[in-house]
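Novice: Listed below, chain by chain, are the residues.
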Amino acid sequence: MPKKNSLTDSTLFMMFSYKGYLIRKLSSDLLWITIPSTILCAIHEYKHLDIGMNFSLPGLMGAILGILLVFRNNTAYDRWWEARKVLGGLVNTSRNFALQVNSMVPDGKIKDELQNLIGAFPYALKEHLREGVVFSDFSFIGDAMTEKLKSWDHIPVAINNLIQERLKMVLNSGGITDFQFLKLIENSDELIDIMGKCERIKNTPMPESHTYLLKVYIWVYAIIIPFGLIDTLGWWTILAVVMVYYVAMSIVTISEEIEEPFGIDPNDLPVDKICNTIYNNIQEVKTKSTPYSNYNNV
Amino acid sequence: MPKKNSLTDSTLFMMFSYKGYLIRKLSSDLLWITIPSTILCAIHEYKHLDIGMNFSLPGLMGAILGILLVFRNNTAYDRWWEARKVLGGLVNTSRNFALQVNSMVPDGKIKDELQNLIGAFPYALKEHLREGVVFSDFSFIGDAMTEKLKSWDHIPVAINNLIQERLKMVLNSGGITDFQFLKLIENSDELIDIMGKCERIKNTPMPESHTYLLKVYIWVYAIIIPFGLIDTLGWWTILAVVMVYYVAMSIVTISEEIEEPFGIDPNDLPVDKICNTIYNNIQEVKTKSTPYSNYNNV
Amino acid sequence: MPKKNSLTDSTLFMMFSYKGYLIRKLSSDLLWITIPSTILCAIHEYKHLDIGMNFSLPGLMGAILGILLVFRNNTAYDRWWEARKVLGGLVNTSRNFALQVNSMVPDGKIKDELQNLIGAFPYALKEHLREGVVFSDFSFIGDAMTEKLKSWDHIPVAINNLIQERLKMVLNSGGITDFQFLKLIENSDELIDIMGKCERIKNTPMPESHTYLLKVYIWVYAIIIPFGLIDTLGWWTILAVVMVYYVAMSIVTISEEIEEPFGIDPNDLPVDKICNTIYNNIQEVKTKSTPYSNYNNV
Amino acid sequence: MPKKNSLTDSTLFMMFSYKGYLIRKLSSDLLWITIPSTILCAIHEYKHLDIGMNFSLPGLMGAILGILLVFRNNTAYDRWWEARKVLGGLVNTSRNFALQVNSMVPDGKIKDELQNLIGAFPYALKEHLREGVVFSDFSFIGDAMTEKLKSWDHIPVAINNLIQERLKMVLNSGGITDFQFLKLIENSDELIDIMGKCERIKNTPMPESHTYLLKVYIWVYAIIIPFGLIDTLGWWTILAVVMVYYVAMSIVTISEEIEEPFGIDPNDLPVDKICNTIYNNIQEVKTKSTPYSNYNNV
Amino acid sequence: MPKKNSLTDSTLFMMFSYKGYLIRKLSSDLLWITIPSTILCAIHEYKHLDIGMNFSLPGLMGAILGILLVFRNNTAYDRWWEARKVLGGLVNTSRNFALQVNSMVPDGKIKDELQNLIGAFPYALKEHLREGVVFSDFSFIGDAMTEKLKSWDHIPVAINNLIQERLKMVLNSGGITDFQFLKLIENSDELIDIMGKCERIKNTPMPESHTYLLKVYIWVYAIIIPFGLIDTLGWWTILAVVMVYYVAMSIVTISEEIEEPFGIDPNDLPVDKICNTIYNNIQEVKTKSTPYSNYNNV
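Going down the list, the sequences are from chains A, B, C, D and E. Be aware that the first sequence starts at 6, since it is given in this note's numbering, and climbs by one per residue. Be aware that the second sequence starts at 6, since it is given in this note's numbering, and climbs by one per residue. Be aware that the third sequence starts at 6, since it is given in this note's numbering, and climbs by one per residue. Be aware that the fourth sequence starts at 6, since it is given in this note's numbering, and climbs by one per residue. Be aware that the fifth sequence starts at 6, since it is given in this note's numbering, and climbs by one per residue.
These are calculated hints, taken from the structure and not from any lab test. Just to be clear, a hint being listed does not mean it is correct.
Copies of the same chain are indistinguishable here, so a pair counts whether it falls within one copy or spans any two.
List of simulated lysine-lysine pairs, BS3-like, C-alpha gap at most 27 Å [stated by the list, open to error]:
hint	residue 1	residue 2
1	K173	K207
2	K207	K52
3	K116	K30
4	K173	K291
5	K52	K114
6	K291	K116
7	K52	K293
8	K293	K155
9	K207	K30
10	K293	K153
11	K207	K155
12	K207	K90
13	K52	K30
14	K278	K155
15	K30	K293
16	K153	K116
17	K30	K153
These numbers were taken from a predicted model, which means no experiment stands behind them.
My request is simple: use the sequences and hints to build the entire structure.
Specialist: See below:
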């Protein structure tokens, strides 16, 4: 299903209406970067000094710049897409967990608590990856449970601890068999894995040398490229420098945004929406499925 | 097994007979894009203004354009191929599930319902990914079951809920052992996973900045490139611009089509055919296998 | 272990002795493609019309062509390698299955049938992916079993159905425990998965737009490139066009061959050999292992 | 969440304050590499010998250099990222293991020992990958246990041996069921897998030919490139050579650093911090969870 | 931990001391390849024929050559790295297997045999991938066992058969439970998988067309490039051709070496060392762990 492709009703529109998103972000840099090229153009045009050189060096450097940009862009996107897969796994595991608890665990207070805890985990994880868990996000687990969680530092681990304890209790009371217990525990393992993957993506920035090298390189390149263009472009050199700098830094900026995808930037993943989806799915399973006590009436 | 390669009987034919697919799609854009270059050519040819520049800037910009196009193309294809793998997994899991239900679950009404539900899941998933489940696609599950499903918002989850409930019922009635129950439940888990992966691919568009940046860039490029070509190409510049724009936008257009592969565009995956294949496989297992009651006559 | 590298005793030899494989395949195309460039050269040389242009446009187009060729080549190779992995998995799963049946299932008619069916599966799958199952390939399963299979449309699924039924029979007769049954069933699941992956690779051609776009592009390129070369190369232009076309179409042709790797083209996978290997491994396990009845004499 | 992007307050600052990290590392090389180009410039400028050539050869060689650099950079990064994933897996597995031991194993001395051993494993692994295990890192396991470990050569394997023995003891004493035993053993398996992956990354340097070829190539390139630039750049050639060499060797140097990520270089992974995180998580589970004896009071 | 980077004490040294490894390998080719360019240079310099052309064709061809070289290099490396991962998996699985046998199987002759067979498997696999199993490598399994193996064609499969038989015997004698049996069998499955992956990598050369096309292309390129360089380089053309050919063929040669990594070439994997590591780990587990009979004294 192709999105709007027509140049006239879409691309042009986007260009001027996309709230100048990237342009605003890069505007102060763009201003600074015109200074050296403007000086150069002035010298070239008014003093008639022969400061141009042929295009071979900028061409060569452009190739290396391309290599660095491709690498930056791809690794950032890979990280973003991996994060999306992990969140997709969170949806799947939560649904599976909820369906299995529903069909295996006998009705009662513990079943309720389990379903609430499964629904609370995504909310806790989400804010754990941002600035600290917001307990009001999942007040549906009840005050008693909330109090228990508050004594922990690592809330998502705490939730899994409560889940596993409750599963052990159901096992001890004979509500589930040993195998069902292990099957259900596996879902909790999976939630821990997902949490760990999110933390890894969040806490592992790109190697600092890489980001450092690329930014320095773009900056140096923006200084050197006018020498290669001024003979043929004259005053237009300034525009050319601005354009090259803009595109290169756009890629860097977008990369920096999407490689930490759990935040609330325009390009970040719809984490809040995913949490709500999970909660709604669990609620639906809870309220619309056949009552557990009817399973024996075959 | 190479497909038709001969230029004469295949490529040429395709070019003129492929219903002008891409050309029709891009025609209005192509018209618009000729305007600036035509004006430029007219100025250059009639007014003899020296507006050309050497090719270094367009060359440099072309390299960056290449980077962006490669990225766009590869990510779209990866998504398409991942979607195909997920659908392949749907086929495999459904077959496995049907074979296992066939050999493990005792004959009876529940076995029938299970096999119907397994066959219905792909149809429900397919339309869930489009515009909403079409219940007549899988009327073979019977009206009673259809009614139960209609009370749910998320039909594919509902189907899995019905499957898991039925498995629990067979377990409670002693038809299968605890281990067989878990083995069968795993297939249902797998179906949920597959559904979640499809939803992820469907609901996660490329980061908007990326698609925005690329389209703006192609547009700007089509404005700038004539300055670099006009000195050597003259009026032919218009053709060159059209060609470059056509190829670049072809890649963008194809990418947009294939990255949402569950629809009904020419390049989308054969989802309907896959659903029918699964249904036929299940029917064959159901009708042609050895009756369950004969298993003890070894 | 490097293969023959020496230019003198290997590459040169290959070039002239490799049965002109690719050259024969592309020869009619190569003939056609020389026509426009020959006409162009004739006009240029005899009429002295200035139809050349500088190399910037062909250079730019060459870069985009490169992008498309890389993509075509890599996706085809990935598919080929994935197919090889899947076939490798077939070998592994069959060996595992045979070894486990050997050590777990009590001697008798059913054990024999199981081992024969495991050995028959690769042969059935192989021709199922080509033009239809050849029953004489695996006549060792006996006529009775062959008859049973013939009533099915999808023979590989039928074989797995027979396997799972037999495993259930052994379970019912007490020959294996419930867990051993599940362990053995998992091998059958794995065979179904492998079959599904093969079918996916076989039945999913590249998106038609991609292959269409690339061929048109190569063709257009072969028309345009002479204009950029004729000033410097003269009559040699024809040779240059032929060479560029040959290399580009070689990549396309090889890609088309290897991306459907289950056939019998020179570059296809050694499917028949793999089937025989599996059969021989199973036979060896069957005939050379310790008799099952000796397992208790520890 | 974009990091600081502004050229003025960040990039410039980094450039001069990043402790001249890469520049210091490469300084002696940079000195050496200026010698040939300086001699060349002197000859060219003072003797007026026509030693320049056009840029085609350096351009061609630059393309091949780019290929080698991309390859070097990507493989190093892939290794670094794989190492990060493995360490993330270590966090996940340790947490899972601790949670499961907590909910399954009855309180007592062995439970304590198990939790200590799980916490000790990351510390032992970390130094095993460096220069030898430092027992004081995990003195919390107690002197008796430390003594047992000291008699082994491969400490991380020894820790897993102690874990598995303890699990078997709990099984024999009836504290856990057979299935719980197997579930817990799987975590130990997983730790062994993680250890093996770390050892693989650590002990498998890039193929020596690759690193050799690339360094020779950069060196040769730095000799040849002045011939292509001297006509247009004059004395500036020296600066150009230094810049090209600096960027190329930066990529090589960063690659060498990050491809062995378990050390303590600036770009290495935060291994020590990860060990502490695991230890703290385990401590929290140990001290804040519901006492095991309360599980039956449902 | 960066390796030696300094140009002065490392790269230069490597260049002249690395035993002329690649140069020796390619020397006869390099000789041959100078002939056409020498003839060309002689004609150009002495006869003053204008046989040069501009650099556009070689430049274009160089781009396509780059594509082919990147592909060759990456696929070879991927295969090498996959092989390394598989061997890493062999280490992990063997350790896991040894640890589990140690803690689960009661002491006795069969336990001993099992541990020996696990240690023997890597040695058998290693030579199976080369020229045939060398039984003296693993004489520690005893003569009786060796005799049994000698009657088989596929020794690694035979070893797994012996392992599985022994596991079944321990099960029959009540030494392990059914679940422990299945857990142990899974390790044997894993060894079979690893073996199959090694065989796949070993037995699947690159598609012949690819390697053929690349070598022909490099050869043709070495013929054509002098025409593009001779005008500017004169006699230096010969050096340029030699360098381009050397670098291109170096990549091909290294690729051919590393893509079959189980041999004993300088760049092959340290297979023998890995086998010894596994053997030593198993010995350590065998000799230093707590005696099995002590497990009940909790």
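Novice: State for each hint whether it applies.
Specialist: Hint check:
no.	hint	result
1	K173 to K207	neither (32 Å within a copy, 38 Å between copies)
2	K207 to K52	neither (53 Å within a copy, 59 Å between copies)
3	K116 to K30	neither (50 Å within a copy, 55 Å between copies)
4	K173 to K291	both (21 Å within a copy, 16 Å between copies)
5	K52 to K114	neither (87 Å within a copy, 87 Å between copies)
6	K291 to K116	both (10 Å within a copy, 25 Å between copies)
7	K52 to K293	neither (82 Å within a copy, 77 Å between copies)
8	K293 to K155	between (32 Å within a copy, 11 Å between copies)
9	K207 to K30	within (23 Å within a copy, 30 Å between copies)
10	K293 to K153	between (30 Å within a copy, 9 Å between copies)
11	K207 to K155	within (23 Å within a copy, 37 Å between copies)
12	K207 to K90	both (14 Å within a copy, 12 Å between copies)
13	K52 to K30	neither (35 Å within a copy, 41 Å between copies)
14	K278 to K155	both (25 Å within a copy, 24 Å between copies)
15	K30 to K293	neither (48 Å within a copy, 46 Å between copies)
16	K153 to K116	both (18 Å within a copy, 23 Å between copies)
17	K30 to K153	neither (44 Å within a copy, 53 Å between copies)
Going through the hint list in order, the structure does not satisfy hints 1, 2, 3, 5, 7, 13, 15, 17.
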